[in-house]
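2 protein chains.
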Amino acid sequence: MLKNNPTLEQQSLALASGKETAVSLTLKALDKAEEFKHLNAYVVLNKEISLAQAEASDARRAAGKLLSALDGIPIAIKDNYLTKDYPTTACSNARPLEPSGQDATIVANLREAGVIIFGKTNMDEWAFSPTNVNSNIGPVLNPHNTKHVTGGSSGGSAAAVASGIVAAALGSDTGGSIRMPAAACGIYGFKPSYGRASRHGVLPLSWSLDAPGPLASSLQDIEMLLPYFLGNDPKDVSTFASTDFKKEQSNNTLEIVYLTGDGLESSAEVEQAVKKSLSASSAHVKEAELSHVDNYYEAWEAIIFSEAASYHQPLLQANADGFSSSLRVKLEAGSRLTALEVLHAQKLRSRLINTLTNELGEWDIIATPTLPVTAPSQNEEEQEFAGKTVHAHKSMLWFCVLGNMTGFPCVTLPVGFSDDGLPIGIMLMGKPNEDEKLLAMAMQFEQSIKNT
Amino acid sequence: MLKNNPTLEQQSLALASGKETAVSLTLKALDKAEEFKHLNAYVVLNKEISLAQAEASDARRAAGKLLSALDGIPIAIKDNYLTKDYPTTACSNARPLEPSGQDATIVANLREAGVIIFGKTNMDEWAFSPTNVNSNIGPVLNPHNTKHVTGGSSGGSAAAVASGIVAAALGSDTGGSIRMPAAACGIYGFKPSYGRASRHGVLPLSWSLDAPGPLASSLQDIEMLLPYFLGNDPKDVSTFASTDFKKEQSNNTLEIVYLTGDGLESSAEVEQAVKKSLSASSAHVKEAELSHVDNYYEAWEAIIFSEAASYHQPLLQANADGFSSSLRVKLEAGSRLTALEVLHAQKLRSRLINTLTNELGEWDIIATPTLPVTAPSQNEEEQEFAGKTVHAHKSMLWFCVLGNMTGFPCVTLPVGFSDDGLPIGIMLMGKPNEDEKLLAMAMQFEQSIKNT
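Protein chains in written order, with this note's numbering: chain V, 132 to 583; chain B, 132 to 583.
Treat each hint with caution, since some may be false.
Said to hold, decoys possible - Pairs of lysine to any residue residues, derived as SDA-like cross-links and limited to a Cα-Cα distance of at most 25 Å, are as follows:
| no. | chain 1 | residue 1 | chain 2 | residue 2 |
| --- | --- | --- | --- | --- |
| 1 | V | K478 | B | W338 |
| 2 | B | K562 | V | H331 |
| 3 | B | K178 | B | R191 |
| 4 | B | K478 | V | G538 |
No lab work stands behind these hints: they were computed from the structure.
Here the structure is a predicted model, which is why all the values come from computation and not from measurement.
Okay, chain V solo, but in the shape it has when bound (with noise of 0.2 Å):
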């Protein structure tokens, strides 16, 4: 993240003393998206809506009758989700430009807190890419150098966040598309267990890896956007109400598994960062092998492949040519698989499931690096680590698919920079919807860095 952009709690701060007003608020944030408008993160953004958003929550607050500690904070949404302000384009030509008229569940939830819908972002066309790149508006610049991605598919929303237009942005994660522009951006990002977040009025790109989450400046603000994200939706039938969880103040210490093998290697300055914020914390870390990562990998693939093939399909037949090559070929890949070969994946991810889950010995967190390595420049093709030559979308989808076939939560912190000024993340991963939990150990974990 770039210096000194405020987060979601010193804005909430600012309203409350009145330093601040939903409206200055939200024109210094559309003065940063003009300034930052080169990163090229945003789809949409129109400053006559947002503006009366905020003269909305303004007016709430001087009448006593605020929704909650977020109204009138200004928040971008990735341009998947629906929202009743614009259109919802995906990054696809596919798709027509219109209003859809309704909001997604996690849109709407944040609506009636009173935050101010700031914008689309922009994203990998259908989320279906790992760098930001393959945007039918074309790529996201990272802020931290605008040669390089930001990775994808969030790219705009982390864009908007580390340049600080925006203290949090909204994303969603299949393969890593929250945590993977995060990390390269040097933010916070949270992706949910499946199954505990809405996905209703967030377009898919495969049902049974899709989880949609938050970006933001800090754990704390995650932590108050959560509540927002998590929670059983009838217009949802994957989510379910979970056990309440209880936050307290825990000095036990944190059993964390650092996870190695072929597959999961990462480069000399990338392992450096990560392995010196697992020292400095106050958490007793061990070294476990996962095997077959090579085969979880290629189950990823074939899930991710064949169901969003199956979701595609009335609009491939319909408007191929709405849909980039690159894109086309993969759609047609997962389309030529048989029902054996993508069973065989889902019965992978049990595997890997039952071996997180019971042959790692006790453990409260299971941590990588969230990138094997820090974010490539806009052609790179292939990048180099730890002996091997990896393309570019592997390498950057390298640890986090491990958090979508499992349907783990993960969040993913930042821990330093790269000798060239690129962030470097930390993935945190919990038990199954245990999501509340998670969090409050990264943040236990974060504090204990800090105290060091």
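Using the hints, position chain B against chain V.
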């Protein structure tokens, strides 16, 4: 159920009062098993093993070290649950007949409660048939009329309970395999919500549909058993912990939706018996039509065929002759499906869940007959009802597949007999994961009928 069969509750009280011992109960059960040997309910039952467990229970009781209210009571196990005592054949010639040396999680739970693991019951080959005619040891005969089938695939468990050999037995349900034989034999059967009961150690048929559950002599007996079925099991990655349910005496009027539509018809005498029970109850009943029922049935077939093909592929390649020709045909059909066909079927599941959740108005229970007709005779290939001629396999599955396609909890209870003396059951379906609430509502429903 044949008259005067004791329930678990009665057996537990008889043990507590000293009227029975575990040994006397077990000897009675062994006598009954001999008396009803012609039903072919059992694959294996060992007198010495059973009596040794009974003697151990009596010794615990004498020492004041009872393990539970079920300590000393014989319960029969479907032959697809692994048990330490006996081999597990799934009534297939393909599987080696050796003891597995381990218990399924549910069997282990019951053993820890002191239950006598009372033999392994007949079932359809690999649980993949709904009549219990297709078993390597021959069909199970219906205790109410031995010319008729019990329904399957848990037919041996149903016959063992209905004939009074045991008060309860274990079954598994992928398209109705607990509920169909329970209804056809005039007893009670409960299919838990998908993910609430552990399948660890239960040989799979179709992993996204399978649910293990009890067959029993009363709803009170199911209430005694349910805690041993439900709960998070790290060895079954699909299970999860659920919110606590507190049973409270409720006199709220139950809102019941009675489902109708093309593909949901039943014979006049079944419909009459079921509707009579609904009218006699204190519930408020409204009818609602469900469309696309045939599509849901075909989707269920695509899922079970392909998942079974995926699971059996290695054994089928190694030992094709170990499978019956009728099962081989199904597995080969499943292996020819494409990923897009199976994924389309999964999308129809979501549509069905969404329809039942959001498009029927408010409801506590969805009710249908459990079977549209009474049990077919052993050689009956087709059944005629409501102006339709339906293959006997499909008529068995007619209503029950809705429970597996949605994953919702279901219970069947007997509501009368046909003119020729065959049992008729009603199926009550509850909201997902609210298994204990469904059971409490079913008890309220049944009590209100008894009170009229």
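Hint-by-hint comparison with the structure:
1. V:K478 x B:W338: Judged against 25 Å, a Cα distance of about 9 Å means the pair holds.
2. B:K562 x V:H331: 20 Å, holds
3. B:K178 x B:R191: 20 Å, holds
4. B:K478 x V:G538: 19 Å, holds
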